[in-house]
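Trainee: Using the hints, build the complex out of the two chains.
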Amino acid sequence: MAGFSELIKNFEKTRDYVRDFFIYGYKVRNDFDKKSARTYDDEKRRVESWLGNCLVYDDSVRGKQVAISVDSGRIAENPLYQAFYTRSFTDNDIRLHFLLLDIMSDGEEHTSRELSDILGEVLRVCPDEQTVRLKLREYVDEGIMYCEKHGRSVYYWLSGDSAEEWLDSDGICDAVKFFSETQEFGLIGNSILKMTGMKNEHFFFKHNYIVHTLEDEVLLTSLEAINEGRTLAVKLKNGKSKTVFPLQVLSSVQTGRRFLAAYSPVEDRFLTFTLDYLPLPKVGGIFDRPDDIAERYAKLSARSFGVSLAEVKNAEPLVMVIHADEEKENYIIERLKREKRCGKLEKTGENEFTLTLDICDPKEAMKWVKTFIGRIKRLEGGTEDIRSRFNEDVERMYRMYCQED
Amino acid sequence: MKIFNEVYGTYYRIVSQILTEHAMTDKEVREIVAREGFRDSGLFLTKKLLPQTDSSDWGLLTQDKAGILHPVTVSEPPHILTALQKRWLRSKLDDPRICLFLDDAELAALCRRVADVPPLYRTNAVRYVDRYCDGDPFSDPDYRRNFRRVLAAVKEHRVIEIEFKSRYGKMIAGRYLPRRIEYSQRDDKFRVFCTGRKRGATVINLARICSVHDTRIHEEPSEEPDTENLRCSEPLVVSVSSERGADERFLMEFAAYEKRTEREKDRVTVRLWYDKNDETDLLIRLLSYGPVLEILAPQDLRQKAAERIRRQYELLNGG
Numbered sequence: 001m002a003g004f005s006e007l008i009k010n011f012e013k014t015r016d017y018v019r020d021f022f023i024y025g026y027k028v029r030n031d032f033d034k035k036s037a038r039t040y041d042d043e044k045r046r047v048e049s050w051l052g053n054c055l056v057y058d059d060s061v062r063g064k065q066v067a068i069s070v071d072s073g074r075i076a077e078n079p080l081y082q083a084f085y086t087r088s089f090t091d092n093d094i095r096l097h098f099l100l101l102d103i104m105s106d107g108e109e110h111t112s113r114e115l116s117d118i119l120g121e122v123l124r125v126c127p128d129e130q131t132v133r134l135k136l137r138e139y140v141d142e143g144i145m146y147c148e149k150h151g152r153s154v155y156y157w158l159s160g161d162s163a164e165e166w167l168d169s170d171g172i173c174d175a176v177k178f179f180s181e182t183q184e185f186g187l188i189g190n191s192i193l194k195m196t197g198m199k200n201e202h203f204f205f206k207h208n209y210i211v212h213t214l215e216d217e218v219l220l221t222s223l224e225a226i227n228e229g230r231t232l233a234v235k236l237k238n239g240k241s242k243t244v245f246p247l248q249v250l251s252s253v254q255t256g257r258r259f260l261a262a263y264s265p266v267e268d269r270f271l272t273f274t275l276d277y278l279p280l281p282k283v284g285g286i287f288d289r290p291d292d293i294a295e296r297y298a299k300l301s302a303r304s305f306g307v308s309l310a311e312v313k314n315a316e317p318l319v320m321v322i323h324a325d326e327e328k329e330n331y332i333i334e335r336l337k338r339e340k341r342c343g344k345l346e347k348t349g350e351n352e353f354t355l356t357l358d359i360c361d362p363k364e365a366m367k368w369v370k371t372f373i374g375r376i377k378r379l380e381g382g383t384e385d386i387r388s389r390f391n392e393d394v395e396r397m398y399r400m401y402c403q404e405d
Numbered sequence: 001m002k003i004f005n006e007v008y009g010t011y012y013r014i015v016s017q018i019l020t021e022h023a024m025t026d027k028e029v030r031e032i033v034a035r036e037g038f039r040d041s042g043l044f045l046t047k048k049l050l051p052q053t054d055s056s057d058w059g060l061l062t063q064d065k066a067g068i069l070h071p072v073t074v075s076e077p078p079h080i081l082t083a084l085q086k087r088w089l090r091s092k093l094d095d096p097r098i099c100l101f102l103d104d105a106e107l108a109a110l111c112r113r114v115a116d117v118p119p120l121y122r123t124n125a126v127r128y129v130d131r132y133c134d135g136d137p138f139s140d141p142d143y144r145r146n147f148r149r150v151l152a153a154v155k156e157h158r159v160i161e162i163e164f165k166s167r168y169g170k171m172i173a174g175r176y177l178p179r180r181i182e183y184s185q186r187d188d189k190f191r192v193f194c195t196g197r198k199r200g201a202t203v204i205n206l207a208r209i210c211s212v213h214d215t216r217i218h219e220e221p222s223e224e225p226d227t228e229n230l231r232c233s234e235p236l237v238v239s240v241s242s243e244r245g246a247d248e249r250f251l252m253e254f255a256a257y258e259k260r261t262e263r264e265k266d267r268v269t270v271r272l273w274y275d276k277n278d279e280t281d282l283l284i285r286l287l288s289y290g291p292v293l294e295i296l297a298p299q300d301l302r303q304k305a306a307e308r309i310r311r312q313y314e315l316l317n318g319g
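Line by line, the protein sequences are chains A and W. Each residue of the first sequence is one higher than the one before, starting from 1 at the first, in my numbering. Each residue of the second sequence is one higher than the one before, starting from 1 at the first, in my numbering.
Since the hints were derived computationally from the structure, they do not count as laboratory data. Take these hints with a grain of salt, some might be off.
What the hints assert, rightly or not - Partner residues are not named here, just some residues of chain W that face chain A (Cβ under 7 angstroms, in silico):
(1) R39
(2) V74
(3) G290
(4) R310
(5) Y313
Unchecked claim - The calculated SDA-like cross-link candidates involving lysine to any residue, where the alpha carbons are at most 25 angstroms apart (straight line), are:
(6) K206(A) with T195(W)
(7) K189(W) with N124(W)
(8) K27(W) with I3(W)
(9) K328(A) with D300(W)
(10) K2(W) with R375(A)
(11) K47(W) with S264(A)
(12) K194(A) with K155(W)
(13) K367(A) with R399(A)
(14) K363(A) with R375(A)
(15) K337(A) with S55(W)
(16) K189(W) with R335(A)
(17) K27(W) with K2(W)
(18) K13(A) with R74(A)
(19) K363(A) with L271(A)
(20) K64(A) with E248(W)
(21) K237(A) with D276(A)
(22) K194(A) with E6(W)
(23) K363(A) with I332(A)
(24) K194(A) with R399(A)
(25) K282(A) with S264(A)
(26) K48(W) with R375(A)
(27) K363(A) with K48(W)
(28) K367(A) with L275(A)
(29) K194(A) with E28(W)
(30) K199(A) with D300(W)
(31) K2(W) with T221(A)
(32) K48(W) with E129(A)
We put the beta carbon where it would ideally sit given N, CA and C, even for glycine.
So here's chain W without its partners, still in its complex pose (with noise of 0.2 angstroms):
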């Protein structure tokens, strides 16, 4: 059982849609491996799929008198799922985060099916060790229904009714397109984007949603990403020296954000692209590097660092 193994790959999936098809030109052939494909695998591929004179392709087309290609195979290719596959799905029914997705009947419907399949790997053999421990409660009756009514609008391009209460305790009630769920691993939570009628793009945690309605207006969200306005106007900065390995920390720490880096010797600057709801959360994540790592803009981020560590300065020495 492999995951690095042939019959997952990009040639054989190519190989397998072609297949399917009864009837083909040279030209489609090669428009569904420039589609499909790597950037380089019309090179590679489309000599062993179209037939050669010398016989040097695989064998898996013929060619008619009018130049149709057509399938030496009778039937469509099977998708058959592998052990690897069923064992991981199998796994996947440990996590609580399932019933989000089926509901009681389908969740026993999976149960049965995978009745003799071992798990990929039992839960509890990773561990996360420092996941906030105030995660959503996936398994809530009201959670789970709120969820599937969010997502449901997110599929169908449905404006629906959502009751919240705000961070500050506030119930707040409108209109709104919900264009997509995002899930944060460190959190454990959902929150899910939105276009308001009133208040433009918003952000709201699934957990403080207290009801969704269906409106069922449909409305086609617009071109646009939602979250454009979220970013910063300016890249952060840094320069992290190589003392205590912090360079190759950072750069594993932020791996997940779009960034720029250049190396000088023992320190490496790191240009770096935020959203700007994240800002304090940035901020006290750099503050951890201590004097290993220095804000050099934007000059505002710099500056509270600094009103920070001056009050931390002032704790320690009585000032």
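Okay, chain A solo, but in the shape it has when bound (with noise of 0.2 angstroms):
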């Protein structure tokens, strides 16, 4: 396939335009400045073949943008899965593929020379018994196939694990489908419906950031160093690299941001990377103190209102004194509650409650505090410059809103 394919080879780059698409929406050809102007035409006309239905143009003073337009509450299947079905491959590849399944499909085991043996009857043009050995070994490492070797010989035999057979209950069904849709690598679940030719049509989910499906490598990379207790060399944004130990991946569902928390050995601090930018980082050795680390940072986590991690100097604990009538807003107390989070709520007199968040990066919890703008009657601790930042930005609004004429 000489010039233009709709199939890529590389993940990494198509995930940064797809993203700008859909998350920016603004952006015009000349924005896309870290390639040239072809390669942004080529990944332009990508996403147009496999997201055609969901790309919106608008014609602005700076250029014609385009943009994936989705109301992801609507939707009952992520449109930005089609990405992932993009790799390319090798005459060879797909040739293998069908024809090893088809002649393993008998339930025997085989040789990789057996195998080569009878594909050369099939095939005009026959790989050699290596390609066809490099093919099996992939396969078994993709589960697709198991080994054993008898004697010198490897045998080979295809997996029993039919998709069909796993899903043998509308239960099952039922839970591939609705978890096909959510985070944590809902993707999965959509290749096996595809695979079986189902498809999800009566769950839908609010509060969906279907973007986060590009990240699915990156997580995958991270959470298997996670699990395996080994080190991730990552890339910043300066071009460098940093190694460090994962901890956990922080998901905020009101933000749509994901975070990768992890302890840096060489700082001796923790730090968090957004996933969304995080090339897909390097699986290093297994690192030498894990549970020194995991106790620090679980005490540090349980203070954490977010994703920072970050202990401010000084801080004190971050006091909101609100106002709300106790018999007819209800629902305040109610929202306080359950949003507190790591914070201590208590009805400090008539209609008044105290929320206290000893937090360890109280500037963090500002943006919630802010969703109550018309009830607080005080704030308290937390750093002088998150006060004073707070009616600041009372003033500015006050101005923006409350002083047009």
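Mentor: Shown next, in the form of structure tokens:
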């Protein structure tokens, strides 16, 4: 396939374009200046081919904008999954895939030599035994086949785990349909549905950040490293690499961001990396003192309001005093209870409630605090900077909305 | 073990489907490629599938004298689950929501089947930092029973009698045709979108349902989506500045909405379509951006923001 192909070899580059079309939507051709204009044209054409129905075009003063515009709450299948079903392959790859599966459907064990000989009778151009063996090994790694050594020969046979047998009840099918649209690799569930010709039609998702799927490879590598207690080499925006010990993935269901929480042995501190901009990290060796770090992390994260693991010096507990009519505005008290996370809520007067947040980085709570604008009687503690910025913000908003005339 | 692997790809899936057929015309092959493939797949995939005189095709189909295509394979391509897919399924067994779909016997059978499969990830390796803490009781037997009855009715287009407690504590009972089930990642709650015999489009929280009874009445849902009447009549228009990285943060946070954006120097203007039911929730989320975001329209939403800000200004300045 010389020239343009709608299939791709490397997902990383495409990931950036799809994300930019989806998140920003206002970018024009000249804004994609990290690569050549030709690269932009090819990537745009691919995205148009994969996701044509979701693309919108607008003419702005800066040029023609291309955007992926979707109401995530009204779709039964994440359209961005399509971008993952595009990996390129060689002619030999696809021939070997279907022919090997066909030959091995007899349920028997075969050596690579036997399979190579059978293939020679079917194919016009027969791959050598080495190529066949590599494909068999690849499929053993993927779990499609099994192998066992008898004497000097390795015998291969097909896995008997067919999707139809595993998905043998309505309940399991419904579960796969539901989880195929949830966070943490819904894409894999979707690939099972596609394989069996099923699709989700009944489950819809609110507050659903479908763009997360673009990070699935990064997430999988990170979770594998966490599971095995290994380090990760992460590439920073400045191009430098940092070796860290990954601890947990922190997912914000309100801001749409996911972070990797990790410990940096060189700096002896905890850091977070946003997954949406993190290039695929490299897995390193086993970390030598995981228990000690995990204990420190557990203590710190118990005092984190969100994803910040920074222990701000001289910060006091942040105290927010709220006005809420106990009879008519019980929903405010309910809101405080369910959203306060690590805070302590007390009734401190008639129609007055006080929330105390003893957290490592009080600044992080301020976005949430501002959702109570109109009810905050006092804001105390935290840091001087936080309190003055809150007062300034209210002043600026007052000028913006209330002094128009 | 890779997610981005050609064995999950659209081309492999189309070829698998075509090799399942014993005899096909080239028109039928082209139709499958057009239906199942990407927009441009016809340009690339078809010529690799159909036998070519220069043998540049994949050699997976042969053509008889009558022009009918036959697969060179004997058996239908099997649908074998990969290790990645099995490990994903194994991980989902640790998710408390799994018991909504499987009864105890099914759950036990699946547990036995995956006994030797390691989970793809441990549940505690991912933490939802700002999920509400009053999520639905997924393991409660009554909740599980109601969920399954509602789901069965959604699938089979059956009218059901639902008795539920409203948000104001009032008991309501009525006949409804449930159309779809919605899960909120933030609230950790399920809701069911219904068409009520008396009330029209209704949204009921699953956790508020006390009982569900099957009426055995079958009713085809109307074509028009029941959520259209919940849609805002006028989009929200906001101007977000790049101060404090607000533009980037806003676009990420509101990525779930259908929207249009336009950049002007250090500001982004965003038009965004929302459900009227969510207006208050939307308003407080907009206020959380402080002065780096300005609501331009609709005017009544701007007015509501102004009222809250005025009250806050007076609280701080003793007005």
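Trainee: Could you run down the list of hints and mark each one as holding or not?
Mentor: Against the structure, the hints:
1. The beta carbon of R39(W) is positioned within 7 angstroms of a beta carbon in chain A (closest approach about 4 angstroms), and the interface hint is therefore held.
2. With a least beta-carbon distance of about 6 angstroms to chain A, the hint placing V74(W) at the interface is held under the 7 angstroms criterion.
3. The restraint placing G290(W) at the interface with chain A holds, with a minimum CB-CB distance near 4 angstroms, inside the 7 angstroms limit.
4. With its C-beta approaching chain A no nearer than about 5 angstroms, R310(W) sits inside the 7 angstroms limit, and its interface hint holds.
5. Because the smallest distance between the Cβ of Y313(W) and any Cβ of chain A comes to about 4 angstroms, under 7 angstroms, the interface hint for this residue holds.
6. Only pairs whose Cα atoms come within 25 angstroms are accepted, and K206(A) paired with T195(W) is accepted, the gap being roughly 19 angstroms.
7. At most 25 angstroms may separate the alpha-carbon atoms for a hinted pair to count; K189(W) and N124(W) meet this at roughly 20 angstroms.
8. Taking the CA atoms of K27(W) and I3(W), the gap is about 33 angstroms. The hint is violated against a cut of 25 angstroms.
9. Of the pairs offered as hints, the one joining K328(A) and D300(W) holds, with about 23 angstroms between alpha carbons and a cut-off of 25 angstroms not exceeded.
10. Note on K2(W) and R375(A): the hinted pairing is violated, with a Cα-Cα distance of about 50 angstroms set against a maximum of 25 angstroms.
11. Only pairs whose Cα atoms come within 25 angstroms are accepted, and K47(W) paired with S264(A) is rejected, the gap being roughly 52 angstroms.
12. With a C-alpha separation of about 19 angstroms, the suggested pairing of K194(A) with K155(W) holds against the 25 angstroms cut-off.
13. Between K367(A) and R399(A) the alpha-carbon distance is near 20 angstroms, which keeps this suggested pair within the 25 angstroms criterion.
14. As the CA atoms of K363(A) and R375(A) are separated by approximately 19 angstroms, the hinted pair is consistent with the 25 angstroms bound.
15. For the hint pairing K337(A) with S55(W), the CA-to-CA distance comes to about 69 angstroms; that exceeds 25 angstroms, so the pair is violated.
16. Restraint check for K189(W) and R335(A): the C-alpha separation of about 15 angstroms stays at or below 25 angstroms, so the hint holds.
17. Using a Cα cut-off of 25 angstroms, the hinted pair K27(W) and K2(W) is violated, with the two alpha carbons roughly 35 angstroms apart.
18. Note on K13(A) and R74(A): the hinted pairing is violated, with a Cα-Cα distance of about 28 angstroms set against a maximum of 25 angstroms.
19. Straight-line distance between C-alpha atoms of K363(A) and L271(A) comes to about 16 angstroms, which keeps the hinted pair within the 25 angstroms bound.
20. Distance restraint check for K64(A) and E248(W): the Cα-Cα separation of roughly 20 angstroms lies within the 25 angstroms cut-off, and the hinted pair is therefore satisfied.
21. Under the criterion of a C-alpha separation no larger than 25 angstroms, the hint pairing K237(A) with D276(A) is consistent with the structure, at around 12 angstroms.
22. Taking the CA atoms of K194(A) and E6(W), the gap is about 14 angstroms. The hint holds against a cut of 25 angstroms.
23. Restraint check for K363(A) and I332(A): satisfied, since their Cα atoms lie roughly 22 angstroms apart, inside the 25 angstroms limit.
24. Between K194(A) and R399(A), the direct Cα distance comes to roughly 54 angstroms. Violation of the 25 angstroms bound is thereby established for this hinted pair.
25. Among the hinted pairs, K282(A) with S264(A) is consistent with the structure: their alpha-carbon atoms are about 15 angstroms apart, no more than 25 angstroms.
26. Distance restraint check for K48(W) and R375(A): the Cα-Cα separation of roughly 66 angstroms exceeds the 25 angstroms cut-off, and the hinted pair is therefore not satisfied.
27. Of the supplied pair hints, the one linking K363(A) and K48(W) is violated, its CA atoms being roughly 58 angstroms apart against a limit of 25 angstroms.
28. Restraint check for K367(A) and L275(A): the C-alpha separation of about 21 angstroms stays at or below 25 angstroms, so the hint holds.
29. Our distance criterion of 25 angstroms between C-alpha atoms is met by K194(A) and E28(W), whose separation comes to about 20 angstroms.
30. With a C-alpha separation of about 41 angstroms, the suggested pairing of K199(A) with D300(W) is violated against the 25 angstroms cut-off.
31. Distance check on the hinted pair: K2(W) and T221(A) sit about 9 angstroms apart at the alpha-carbon level, within 25 angstroms; holds.
32. For the given pair, K48(W) sits about 24 angstroms from E129(A) by alpha-carbon distance, which is consistent with the 25 angstroms threshold.
Of the numbered hints given earlier, the model fails hints 8, 10, 11, 15, 17, 18, 24, 26, 27, 30; all others are met.
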